[in-house]
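There are 4 protein chains.
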Amino acid sequence: MAGSTFGNIIKVTTWGESHGKALGVVIDGFPAGLRLCEGDIQLYLDRRKPGQSKFTTSRAEGDKVSILSGVFEGVTTGTPISLMVENKDQHSKDYGNIATAFRPGHADYGYIEKYGLRDYRGGGRSSGRETIGRVAAGAVCAKLLQELGVTVCAYTKSIGDVKIYDFDLSERDNNSLCMPDPTAAKKAEEYLEACMLNNDSAGGVIECLISGVPAGIGDPVFDKLDARLSQALVSIGSVKGVEIGDGFAASKTMGSINNDKFRMENGEVVKLSNHSGGILGGISDGDDIIVRCAIKPTPSISQSQQTVNENHEEIDIEIHGRHDPVIVPRAVVVVEAMCAITICDAMLGHMTDRVDYIKEFYKN
Amino acid sequence: MAGSTFGNIIKVTTWGESHGKALGVVIDGFPAGLRLCEGDIQLYLDRRKPGQSKFTTSRAEGDKVSILSGVFEGVTTGTPISLMVENKDQHSKDYGNIATAFRPGHADYGYIEKYGLRDYRGGGRSSGRETIGRVAAGAVCAKLLQELGVTVCAYTKSIGDVKIYDFDLSERDNNSLCMPDPTAAKKAEEYLEACMLNNDSAGGVIECLISGVPAGIGDPVFDKLDARLSQALVSIGSVKGVEIGDGFAASKTMGSINNDKFRMENGEVVKLSNHSGGILGGISDGDDIIVRCAIKPTPSISQSQQTVNENHEEIDIEIHGRHDPVIVPRAVVVVEAMCAITICDAMLGHMTDRVDYIKEFYKN
Amino acid sequence: MAGSTFGNIIKVTTWGESHGKALGVVIDGFPAGLRLCEGDIQLYLDRRKPGQSKFTTSRAEGDKVSILSGVFEGVTTGTPISLMVENKDQHSKDYGNIATAFRPGHADYGYIEKYGLRDYRGGGRSSGRETIGRVAAGAVCAKLLQELGVTVCAYTKSIGDVKIYDFDLSERDNNSLCMPDPTAAKKAEEYLEACMLNNDSAGGVIECLISGVPAGIGDPVFDKLDARLSQALVSIGSVKGVEIGDGFAASKTMGSINNDKFRMENGEVVKLSNHSGGILGGISDGDDIIVRCAIKPTPSISQSQQTVNENHEEIDIEIHGRHDPVIVPRAVVVVEAMCAITICDAMLGHMTDRVDYIKEFYKN
Amino acid sequence: MAGSTFGNIIKVTTWGESHGKALGVVIDGFPAGLRLCEGDIQLYLDRRKPGQSKFTTSRAEGDKVSILSGVFEGVTTGTPISLMVENKDQHSKDYGNIATAFRPGHADYGYIEKYGLRDYRGGGRSSGRETIGRVAAGAVCAKLLQELGVTVCAYTKSIGDVKIYDFDLSERDNNSLCMPDPTAAKKAEEYLEACMLNNDSAGGVIECLISGVPAGIGDPVFDKLDARLSQALVSIGSVKGVEIGDGFAASKTMGSINNDKFRMENGEVVKLSNHSGGILGGISDGDDIIVRCAIKPTPSISQSQQTVNENHEEIDIEIHGRHDPVIVPRAVVVVEAMCAITICDAMLGHMTDRVDYIKEFYKN
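Chains as they are written, first to last, in my numbering: chain A, 1 to 364; chain B, 1 to 364; chain C, 1 to 364; chain D, 1 to 364.
Honestly, the hints are just simulated from the structure, not real lab data. No residue lacks a Cβ here, since even glycine has one placed at the ideal position from N, Cα and C. Just to be clear, a hint being listed does not mean it is correct.
Once the Cα atoms are required to be at most 20 Å apart in a straight line, the calculated PhoX-like pairs of lysine-lysine come out as [said to hold, decoys possible]: (1) C:Lys21 to A:Lys143; (2) C:Lys363 to A:Lys363; (3) B:Lys64 to C:Lys21; (4) C:Lys359 to A:Lys363; (5) D:Lys21 to D:Lys54; (6) D:Lys21 to C:Lys252; (7) A:Lys21 to D:Lys49; (8) D:Lys163 to B:Lys143; (9) A:Lys64 to D:Lys21; (10) C:Lys64 to A:Lys363; (11) D:Lys363 to B:Lys363; (12) B:Lys363 to D:Lys49; (13) A:Lys359 to C:Lys64; (14) D:Lys186 to C:Lys252; (15) B:Lys143 to D:Lys359; (16) D:Lys93 to B:Lys359; (17) A:Lys359 to C:Lys21; (18) B:Lys363 to D:Lys359; (19) D:Lys143 to B:Lys359; (20) B:Lys21 to C:Lys64; (21) A:Lys143 to C:Lys143; (22) C:Lys252 to D:Lys187; (23) C:Lys21 to B:Lys21.
Partial list, derived from the structure: chain B residues whose beta carbon lies under 10 Å from chain C [what the hints assert, rightly or not]: (24) Gly3; (25) Lys21; (26) Ser82; (27) Arg125; (28) Ala249; (29) Glu318; (30) Gly321.
Label-pair restraints from in silico Cβ distances [said to hold, decoys possible]: (31) C:Gly267 to A:Asn174: 38 to 48 Å; (32) B:Asp168 to C:Ser66: 45 to 55 Å; (33) C:Ser170 to D:Lys64: 52 to 62 Å; (34) D:Ser176 to C:Glu318: 47 to 57 Å.
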């Protein structure tokens with residue numbers, strides 16, 4: 001069934017396959033009156049572009065975005081914003097046995113069982129290129145959030161077992177792994193080089209820090225703010241886990257430690273710690289929101305692997321071509337985008353939560 | 001805004017507060033023709049009842065479910081199934097300073113900022129009693145899944161830092177902590193007793209094993225099967241993290257290890273390992289589905305805690321009364337319920353995925 | 001599949017069968033802070049009660065509503081409002097051949113083909129009693145609308161071919177047919193008496209006048225305000241048509257007449273006529289919103305009718321018992337309720353339409 | 001808020017403005033395995049093209065559709081089908097006072113009040129060109145319906161007060177007004193010529209006949225099949241009313257006449273009449289489904305009209321340029337498209353209505 005739409009107030013629908021004519025996104029329900037140009041979006045798309053270092057594929061993906069609708073004279077109009085990136089490189093080639101093989105770690109087998117057929121070119125819909133639409137929509141939402149004083153910032157927390165240690169956000173863009181710690185980035189590079197020598201791949205953890213969200217955002221039950229963030233993040237291909245605040249570590253501690261104490265500071269309610277990651281009972285508590293997700297190692301590796309094909313024959317495959325040995329650095333902006341969409345949507349949702357808000361709005 | 005409904009085909013809407021007249025759930029879109037009686041549901045509700053051991057509160061919650069609609073002569077009719085549990089114990093009492101305090105680790109502050117007011121009795125809507133509706137709906141979905149050969153089984157994986165070691169599912173119901181390992185259960189009890197002596201509380205990890213789901217279930221993008229399961233689990237109060245298959249450990253391994261090899265066995269496609277946890281690219285791969293979630297320590301503790309109240313005064317509170325020192329054992333059935341709802345919904349969603357399915361259905 | 005929920009921001013879900021234990025509604029997404037008591041809702045439910053005249057059935061339906069959740073200390077809390085009316089009269093009786101017959105003009109045959117079984121008692125889910133939930137939710141929405149200066153008022157426009165002529169809204173509640181014209185009401189009564197003598201039934205037209213809705217409400221494409229109103233009205237059993245403003249008459253006129261001219265009046269944009277019925281391009285134009293719906297004659301009549309039963313045998317049936325010879329007067333409040341829900345939902349939806357609204361809201 | 005998406009299982013989202021870069025539609029949830037090429041869709045788009053007679057505008061709208069995603073090797077893949085038509089003629093021109101005037105009968109005023117700004121070029125989002133996306137999606141759904149034995153056929157029922165009399169569907173495409181009655185078409189042409197001489201415009205009624213839908217399709221409450229059809233039709237610009245079966249005429253008749261008698265014929269349940277228009281209680285009754293909608297006269301006329309502009313100045317405007325004196329003939333295919341989408345979606349929705357369907361599906 002459907003499932004390419006995310007959001008309650010702002011509805012983001014992505015479409016497109018890796019090697020089809022184009023990929024894109026429709027953002028419906030986005031408010032009128034935001035200055036928006038293609039450059040605002042391109043900035044984000046460029047961050048997910050490959051070929052920026054030896055750890056990302058060297059494909060020449062231009063990925064130039066066009067705004068097809070929803071913007072008039074440089075301002076959003078309130079009607080659906082349609083964004084498109086044309087695929088430059090869609091000439092058919094010989095996919096050999098990859099066309100019918102179930103690549104280990106990929107969705108090929110599931111797609112065949114689900115749909116009876118599949119677009120095998122570059123993974124089709126399950127390709128990482130699907131995230132182009134997410135990133136484009138995220139750029140738009142992030143621009144609105146900025147006007148509300150909210151910043152969304154993701155970075156690499158670890159690659160393999162190399163974790164960041166000294167956190168310095170200003171360092172994030174100074175290394176090709178998006179790590180806010182140059183020493184860790186150095187070690188992670190060494191780790192990745194060893195992987196590559198071995199024709200193998202690595203995973204990692206991405207963390208996202210969201211600042212400026214007031215308390216009271218999110219809904220009590222199934223649409224808890226962290227539940228929506230979790231869906232948003234796990235819906236990114238290769239994500240195998242998500243944590244809010246202390247995450248799994250919280251399961252090992254005690255209430256007396258894990259409970260963040262409330263105190264007053266300059267007339268504001270503050271917390272003395274942030275084990276909660278900025279969300280309590282599914283609703284923002286005014287503190288920084290901190291979420292993390294685990295990315296598995298890139299499944300496409302050039303080592304020989306045992307598998308099965310569509311004819312149910314046992315075969316061995318080697319997956320050559322342009323594949324990132326680790327997708328973590330390129331997924332950082334995708335995580336940022338999904339968080340921006342989720343937070344933006346929840347903040348709009350809050351505006352109808354109280355009768356006095358509504359009366360104030362309609363008072364004239 | 002709204003947010004009390006979950007599901008695409010089967011829509012589950014819970015309602016009710018801890019100390020209101022009643023709590024319940026409406027299940028819309030549930031198919032006609034399932035034999036269903038109150039006993040089927042009560043069985044599940046009894047598993048989340050308190051007072052079953054010294055580690056769960058001793059409140060006398062009867063929690064008798066009534067089927068109010070959607071069942072005729074013992075069979076579901078296809079129309080909304082309305083289930084209700086009346087609150088027996090709703091007499092008002094003196095909540096003292098708890099009525100206006102922002103209890104650390106609770107959603108009180110978020111509710112006030114969101115809604116401007118709140119039902120402070122027993123946590124109101126943010127109470128664990130909200131899960132009554134989820135468990136009731138989960139029981140109904142689990143019964144349908146059983147007819148399709150799917151079983152959903154959750155258990156305690158760890159309490160504090162005590163993990164299960166020898167996995168024996170048949171032991172789960174032989175100890176009050178729902179641990180499928182009697183030795184670990186013993187150690188966990190000791191750990192909890194130490195917590196209680198200290199007026200403190202503990203957390204833990206719950207794992208859910210879902211067997212019998214064919215390959216091809218789930219949707220490619222935002223409604224990936226694991227993304228929906230993640231929303232479902234993180235929407236349970238106190239859950240701070242979720243993992244699918246190897247989860248965060250996958251981020252530290254390599255592609256050559258993490259990729260599950262496909263092979264043929266008795267004419268069926270099988271995998272030689274299950275690092276994926278039964279889901280690849282958001283779609284079931286035919287293997288057991290394995291998800292896990294982290295539960296934080298119960299925030300209500302009787303130690304004195306610093307906090308702030310609605311008048312923004314700094315105060316100290318002690319939360320006395322009947323509170324579980326650990327909610328993990330009672331949350332096991334809630335996890336099972338949410339997984340059952342999610343899987344059942346996704347399996348129904350798959351039925352319209354192919355034109356040949358549709359033509360076969362309408363062929364007469 | 002599901003289909004018992006209506007609304008985008010305020011989600012109204014009805015449940016219950018004619019002769020089940022109870023009927024009710026869950027209103028999710030309703031804002032916090034509205035004073036609300038059972039009396040507010042009972043007022044509306046009493047208007048749809050039978051037994052108020054010789055033209056409505058004399059069943060003793062008490063239909064006392066209970067608020068089960070979402071209201072604390074007389075004020076809505078922002079969490080789901082669950083409302084229930086218990087069925088007093090659910091003792092089983094002998095339905096004779098009605099239990100298996102496909103009553104002409106009823107949904108019996110469709111239900112059997114759809115679900116394979118049905119609750120035949122009193123029409124089950126397809127009974128007019130399902131509207132109890134709608135009316136209860138409508139009462140809540142109408143109360144909020146009132147605080148925003150919006151009034152929703154429905155009345156009988158015609159019964160059979162007896163139309164109102166001199167419109168005087170103050171007369172609506174002075175006759176049992178809800179006609180705002182006492183002369184027409186008199187004639188309609190005579191018409192109905194002739195029907196009843198003949199063991200026959202009648203239909204009619206209900207009009208709803210909605211005042212105070214500012215311009216700018218509704219959405220451009222599928223959720224046009226009139227499209228949502230049309231779904232809302234046609235979803236009421238027995239409605240076979242709907243009109244906005246001049247409706248079908250507009251198809252016979254010309255642009256020069258049908259176009260309402262805009263002019264200024266006391267600094268406000270006004271229209272010199274209202275052929276549009278207050279909605280242009282799916283968006284309110286600031287004028288009174290006027291919608292109308294056609295109600296078919298009550299299908300249950302005591303004349304002998306040819307039909308077929310579940311065994312596909314041709315039979316004759318006479319439907320005795322308590323049935324309204326015309327449901328129009330009792331449906332008036334249902335029309336009002338559905339309009340109130342739709343307008344209220346659309347007005348909340350408008351609050352996020354502009355970036356400047358959002359910045360103003362979050363400015364602090 | 002959002003509102004550009006229609007459908008429960010098949011979700012159709014249109015985007016685009018009259019004079020933007022392009023217009024299009026994303027169809028999510030469409031099943032895999034349908035042969036589909038651009039020609040299938042172009043056939044429908046060509047039917048809504050202008051310039052086909054003197055009663056439709058002579059703009060050279062090429063309106064060539066491209067399939068951007070969701071089709072691989074000529075077959076749908078189950079992933080979102082993205083369809084686009086580029087706007088050839090988007091050069092800016094001088095709109096004069098039209099740019100700021102509230103054209104009578106148009107949505108201009110509503111848009112300004114709603115969004116604070118608007119794309120005034122050609123009506124922007126409120127242009128009839130938005131229906132390109134609907135027609136494209138309708139073509140895809142109609143192709144699937146055809147494989148299920150369902151045909152959807154709309155035609156002009158009346159223009160002004162000229163109604164069809166002798167119904168002969170084979171004549172529909174032999175006149176420029178899509179009237180299945182050549183004599184009526186002749187008279188309607190004369191009527192339109194008189195309108196045009198007067199610089200005026202006309203409306204009309206479109207009827208749609210849907211054959212082959214089995215009994216049991218549609219849902220009992222808010223998503224009644226006729227309620228969804230009503231939303232679908234009234235969401236088309238200029239539609240001011242909708243009828244199912246006898247529609248408003250049903251309000252004047254009696255139960256004994258309006259009730260369709262059920263009988264057996266060749267082992268099948270049939271009805272001896274079809275006053276219901278194929279839908280009873282919101283569920284298809286196996287008979288032809290008949291719906292009708294009223295189209296208002298084209299609001300753009302070249303007569304001088306009084307109105308107001310964005311500066312709230314009273315002005316007179318004449319709307320010159322290429323405008324259909326009647327949009328009815330071009331709207332016929334739009335009506336067909338919306339009905340096809342609605343019926344297709346409802347038929348897919350029915351597949352999960354019964355436990356025995358589900359067990360049969362998953363039996364292997």
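Exercise. Checked against the structure, which of the hints given earlier come out wrong?
Worked result: Of the numbered hints, 1, 5, 6, 7, 8, 10, 12, 13, 16, 17, 21, 28, 29, 30, 31 do not hold.
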